[in-house]
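Undergrad: Chain residues, written in single-letter form:
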Amino acid sequence: MALTAEHVSFEYDTRDEAARAFSLHDVSVPVQRGSLTGLLGPNGCGKTTLLRLMAGVLRPRQGSIALNGRPLGGISRRELARHVAVVPQETHPAFDYSVLEMALMGRHPHLGTFQLEGPRDIAIAQESLAATGTAHLAHRPYMTLSGGEKQRVVIAGALAQLPDVLLLDEPTASLDLAYQLEVAALLSRLNRERGVTMVLATHDLNLAASLCDSLVLLRSGRVLAQGPTRDVLTGTLIQQLYDVEADVRFHEGAGHLTVVPIRRAP
Amino acid sequence: MTTSESTLARVGAGVRPIRTRLAMTMAAYGALAVGTCLLAPLIGSTTISLTRVFDRSIPFADNVDAQIFFIARMPRVLAGAVVGATLASAGVVLQALLRNPLATPFTLGVSAGAALGAILVISFGGAMALGPFSPVPLASLGGAFVAGAIVYALATRPGRAMSTSILLLAGVTLNAFFSALILFVQYMADFTDAYRTLRWMMGDLDVGSFGPIVGALPLVAIAFLMFAALPSSLNLLSVGSDTAATRGVDVGRTQRVAFVSAALATSAAVSLAGPIGFVGIVVPHLVRLMTGVDHRIVLPASALFGASFLVACDLVARTILAPVEVPVGVVTAMLGGPFFLWLLIRKG
Numbered sequence: 060m061a062l063t064a065e066h067v068s069f070e071y072d073t074r075d076e077a078a079r080a081f082s083l084h085d086v087s088v089p090v091q092r093g094s095l096t097g098l099l100g101p102n103g104c105g106k107t108t109l110l111r112l113m114a115g116v117l118r119p120r121q122g123s124i125a126l127n128g129r130p131l132g133g134i135s136r137r138e139l140a141r142h143v144a145v146v147p148q149e150t151h152p153a154f155d156y157s158v159l160e161m162a163l164m165g166r167h168p169h170l171g172t173f174q175l176e177g178p179r180d181i182a183i184a185q186e187s188l189a190a191t192g193t194a195h196l197a198h199r200p201y202m203t204l205s206g207g208e209k210q211r212v213v214i215a216g217a218l219a220q221l222p223d224v225l226l227l228d229e230p231t232a233s234l235d236l237a238y239q240l241e242v243a244a245l246l247s248r249l250n251r252e253r254g255v256t257m258v259l260a261t262h263d264l265n266l267a268a269s270l271c272d273s274l275v276l277l278r279s280g281r282v283l284a285q286g287p288t289r290d291v292l293t294g295t296l297i298q299q300l301y302d303v304e305a306d307v308r309f310h311e312g313a314g315h316l317t318v319v320p321i322r323r324a325p
Numbered sequence: 006m007t008t009s010e011s012t013l014a015r016v017g018a019g020v021r022p023i024r025t026r027l028a029m030t031m032a033a034y035g036a037l038a039v040g041t042c043l044l045a046p047l048i049g050s051t052t053i054s055l056t057r058v059f060d061r062s063i064p065f066a067d068n069v070d071a072q073i074f075f076i077a078r079m080p081r082v083l084a085g086a087v088v089g090a091t092l093a094s095a096g097v098v099l100q101a102l103l104r105n106p107l108a109t110p111f112t113l114g115v116s117a118g119a120a121l122g123a124i125l126v127i128s129f130g131g132a133m134a135l136g137p138f139s140p141v142p143l144a145s146l147g148g149a150f151v152a153g154a155i156v157y158a159l160a161t162r163p164g165r166a167m168s169t170s171i172l173l174l175a176g177v178t179l180n181a182f183f184s185a186l187i188l189f190v191q192y193m194a195d196f197t198d199a200y201r202t203l204r205w206m207m208g209d210l211d212v213g214s215f216g217p218i219v220g221a222l223p224l225v226a227i228a229f230l231m232f233a234a235l236p237s238s239l240n241l242l243s244v245g246s247d248t249a250a251t252r253g254v255d256v257g258r259t260q261r262v263a264f265v266s267a268a269l270a271t272s273a274a275v276s277l278a279g280p281i282g283f284v285g286i287v288v289p290h291l292v293r294l295m296t297g298v299d300h301r302i303v304l305p306a307s308a309l310f311g312a313s314f315l316v317a318c319d320l321v322a323r324t325i326l327a328p329v330e331v332p333v334g335v336v337t338a339m340l341g342g343p344f345f346l347w348l349l350i351r352k353g
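Chains as they are written, first to last, in the working numbering: chain A, 60 to 325; chain B, 6 to 353.
Bound-form chain B, shown alone:
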């Protein structure tokens, strides 16, 4: 017993309580996110200064720096932060739900549904408009919901745990099927519309004003409230569903909450900015490399790091070939594709 007690004391010294780790991680990633969001709007075709932006002595109407900062660039930066945080968190949740570290928010088929909805409206919607709302985000949201509902209906069976293998297969199949429909619609569409759909699918954070962000916020907020209840159950679920059940997790309910919240989050993000790839897989993995794999830390840290990551990618997208803008989805893919391969090699 004496040996085990001395071992205990030695080990005990090295354990930092989760509360401390969580606080430190949130402070660091929070500072990074705030810093990125303040820095990014300063850089662009016109360089502006942060002190001038917040100079109270100049009225806003005469403060060109403040106008560029808040009106021209901030909506885009905030859109990047919201979409980045949302996609990264949805990635974390789905990777745990599917027990597959290589799953992405788009694995569910939700993004392909969103794309189909958007493309149908772009190609055939004509001048359709619903009051102040642009029809494209609404159509993509509708497409995402339809896709999510199909996958959900296939994978749930009354009174039992979700089948994660059906979830995965249904998502992959739906992705392929919707992609085929998208190609067909594009083929039938005229040249301008085909270009617009292509551009939509590359992802674009240039939302123009705060309006679309505010429009997406209720869905994002619901998704994040649901995320908040998940982390410790996700830890156990990723160890095994029987293990989770015998440790007190309501497996069926956790799976449903995880699916619905991730699908809502992904739908909101895609309807706001199009399907921006790789954020949902690159960010969670980078965060895990830095913080360990405990979901109670990984999930909030990924939200904050996802915001910083996508804002930084978008900064690259709009400055690297200035005055030409590279679609942000191309930048994330250029970074994310090789990274994904590196992960596969590392796993193998």
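Looking at chain A on its own, in the form it has when it is part of the complex:
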């Protein structure tokens, strides 16, 4: 499914100056069906805000966000959750749910208020755990897992929603190198095999280079540039985005562009 932001502006309703930094101004981002779009930009540029707007958690002040042409405001929470799922940076449940319970909560939008999950829901949750390589952890308490295992379980919960669109907020931020590669491979596979459209906010330029077919560069709440990864991931744009000089070149072994930051631009 295509998710389109058109001329979206948003400001947090607060007197706190610091929160102003996360505002967005006239942002238009067309996310094509089946694409894997990366959202890049410095801290406070509005990446998470844009994801929350796309997830329908926040409502834009101006402009609109539409799923296949339908504005999100006209879609109920439950229906939206059957199409769009979110993987937050970190998930800290207040109670000690098991891994299977965490995955089963992804079935919530498909169940009525008093409806309990049935065999089909359990099968979908287990399949989602299997797809993220965490099926063997099903009966472990979520809180006893490592960071990488937790993140994969949260992705499994989002997959159990059977979404067409998956929004991910720095999914690899707290993971070590091996888990970063593992999660990246998982996302790439889900995008390829299941046709899940993905939007991924990240600070990891090499992750974005390896995964994303298109990029959106956000700076101070405005779109600096967007387009296919090979066109947008350039030394010039990276310097404009982060005030950092970087060397961008194609890596034969990795098979994608790589970014090596050199120094802060004067």
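FYI, nobody ran anything at the bench for these hints, they're computed from the structure. The C-beta atom is built at its ideal place from N, Cα and C for all residues, glycine as well. There may be inaccurate statements among the hints.
To be verified - Label-pair ranges, simulated between beta-carbon atoms:
no., chain 1, residue 1, chain 2, residue 2, range
1, B, T197, A, R199, 56 to 62 Å
2, A, R251, B, L348, 44 to 50 Å
3, B, R162, A, H315, 44 to 50 Å
4, A, R199, B, G216, 22 to 28 Å
5, B, M29, A, R253, 33 to 39 Å
6, B, T178, A, D302, 23 to 29 Å
7, A, G177, B, A32, 18 to 24 Å
8, B, L203, A, T203, 45 to 51 Å
Please build the complex by placing chain B on the supplied structure of chain A, with the hints as guidance.
TA: Structure of chain B alone, referenced to chain A:
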């Protein structure tokens, strides 16, 4: 793919559907609650027999055992069951709403408001009476509503999710403020009234007849109807409010229903029996240790276990130093205080 399929089959074998777990848990906790409520009235200064109580061949007017069972002891046992179930469920709901396993029904400041209302009437109400109703429960209900309304107004902002941190802070502040007012009123009151307020604050299930229980039932019923719609949303809310929203939960509405139902339940319980502490935290935690943390099981199981727990505590309260009665709030605190500390140590 073959490995994941074999893993799937292995895991699938160990999964018991929620429907079965729920039925089994309800049967076990339900039996415990019924058993406790039937057993508790048999024990006391006069020992009576259950067979004699239900012996149809003796007319009720001549059946002393039945009279003691139904008239003297049953109202108190039922009050314990209603208050225990209500406080335990309100505890579960608030712990999920505030995403804090250490929250209690009294965290909201509702109980302190109830206490202030009750104490004002005890100290200054004199012989005030409103028809057949005793003024103290009504005043405590009024105090609870005022406190609840203040906290609610502070924590809700139009068109947005409730601020649970403001909810928590406002509740704690209001608790402290009302406690100070209570101390002041007690200081100004004469000796007898001060003792009565002190006794009220220790909690008392000796309601005298079925009347007060029936009076509290409409509020309790409304609260439980609201509770019934909450459990699966509470699961998600306790994982995180953004997660809940993106899984289809109307976060703002769920928070409002959770707050209002928990506040109603707590107000009803406190106006019936005074602020009986620790039930709302000990029971949910014990239940979670036994059943896991899924609110669809924890909430109804806590209601049933809360009923058994408070009836059992009250049995201890009225028999352990017989003929002297220990206030039931003292018994729950003696059990609950150390338990609470143990929870903190375990968490740390």
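Undergrad: Quick one: which hint numbers does this structure break? Sort them smallest to largest.
TA: 4 and 6
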